[in-house]
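Work out the full structure: start from the sequences and follow the hints.
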Amino acid sequence: MKCADFLQELTNYLDGVLDDKTKAELENHLSWCHNCYVVCDTTKKTIEIYRDSQLYELPDDLRSRLRSAIMTKCLQQKRRGPQSV
Amino acid sequence: MPALVLERRKKCIALQMGAIQNKVAGPVSEELALVQAAKRGDDSAFEELVRRYDRNVFRIAQHITQNREDAEDVVQEAFLKAYGNLAQFQEQSKFYTWLVRIAVNEALMKLRRRKPERTVSLDEDIKTEDDSLPREIADWSPNPEQQYTQAELREILSKTIQGLPPGFRTVFVLRDVEGLSTEETAAALELSVPAVKSRLLRARLQLRDRLSKYFQKRESGNGKNSDAARGDGKQ
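If you read the sequences in order, they're chains W and F. Using the numbering used here, the letters of the first sequence map in sequence onto residues 301 to 385. Using the numbering used here, the letters of the second sequence map in sequence onto residues 32 to 266.
Hints in this document: simulated from the structure, not taken from any laboratory. Since the structure is predicted, the reported quantities are computational estimates derived from the model, not experimental observations. Every residue, glycine too, gets a C-beta built ideally from N, C-alpha and C. It cannot be assumed that every hint is accurate.
[As the list claims (entries may be wrong)] With a Cα cut of at most 20 Å, we get these calculated SDA-like pairs of lysine to any residue:
| hint | chain 1 | residue 1 | chain 2 | residue 2 |
| --- | --- | --- | --- | --- |
| 1 | W | Lys373 | F | Asn116 |
| 2 | W | Lys345 | F | Arg185 |
| 3 | W | Lys344 | F | Gln177 |
[Stated by the list, open to error] Listed next, the stretches of chain F that the computed footprint assigns to chain W, with coverage defined by at least 3 CB atoms under 8 Å from CB atoms of chain W:
| hint | region |
| --- | --- |
| 4 | 75-84 |
| 5 | 90-99 |
| 6 | 108-118 |
| 7 | 175-186 |
| 8 | 205-215 |
| 9 | 234-240 |
If you want it as structure tokens, here you go:
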């Protein structure tokens, strides 16, 4: 496996959907290619950092206000009749 | 490298690089029961669906619009449209996937209104050259996020993802932050599975590349890039 092939398979590898043969070839490549190892490791960390970041969490007070506004508007809409998406 | 060492390193890599585990939403059967009750006119069931997904919709909307007020509007408009069109929801996909599709469309409309001078769509012409190939191969510090305060880290992550085209940003957020499957992401965005995979790879690599300037190992000092932390770095 060459570095370009590794990159093509990187997403499938990180998502755990590679077949056993390709996965073994990729892990063999990672065992000796330091650059690809770093790219794989830091890409995985990138995903984990974003997933665990709690970026753009909805504060409780805003959440409560939004839900109340949504339900009020929904009931108003119900009285008026359906609309299109 | 001796064969035994090579074998050990391979085993170590397999353990370290295990597949990313995604967030799992609540049971589909519960969601369906709520949807069916809401269709019969039970507004408390619809409110429960709002409660279940409002945080997700808000995150998705703010990631796409990069604007809090727009994100608040998107949350309201998406749920309102879902409510008004619930009878048309065929129950062949998850309600959440259908809701995400509505929310993404609303968020993109906000972007278009804010940036009328340029086309904003998931199908916009995204460069297909090797613009995502890794340029910065330097390794990162161990636990790089711990070099920054929570506020600094959020600023870095927010600035970094803002630099991606909306089409990449949206795929990354749905797939990697919200944990939708590739197929669900494709359905929500009305893209093909190969298109989702291609954009996801480019988004992941571009984000990794951009984050490297904050997180890479330093030869000396405390490892913290103070210029980058202040936001002086070029995106």
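Hint numbers contradicted by this structure: Every hint satisfied by this model.
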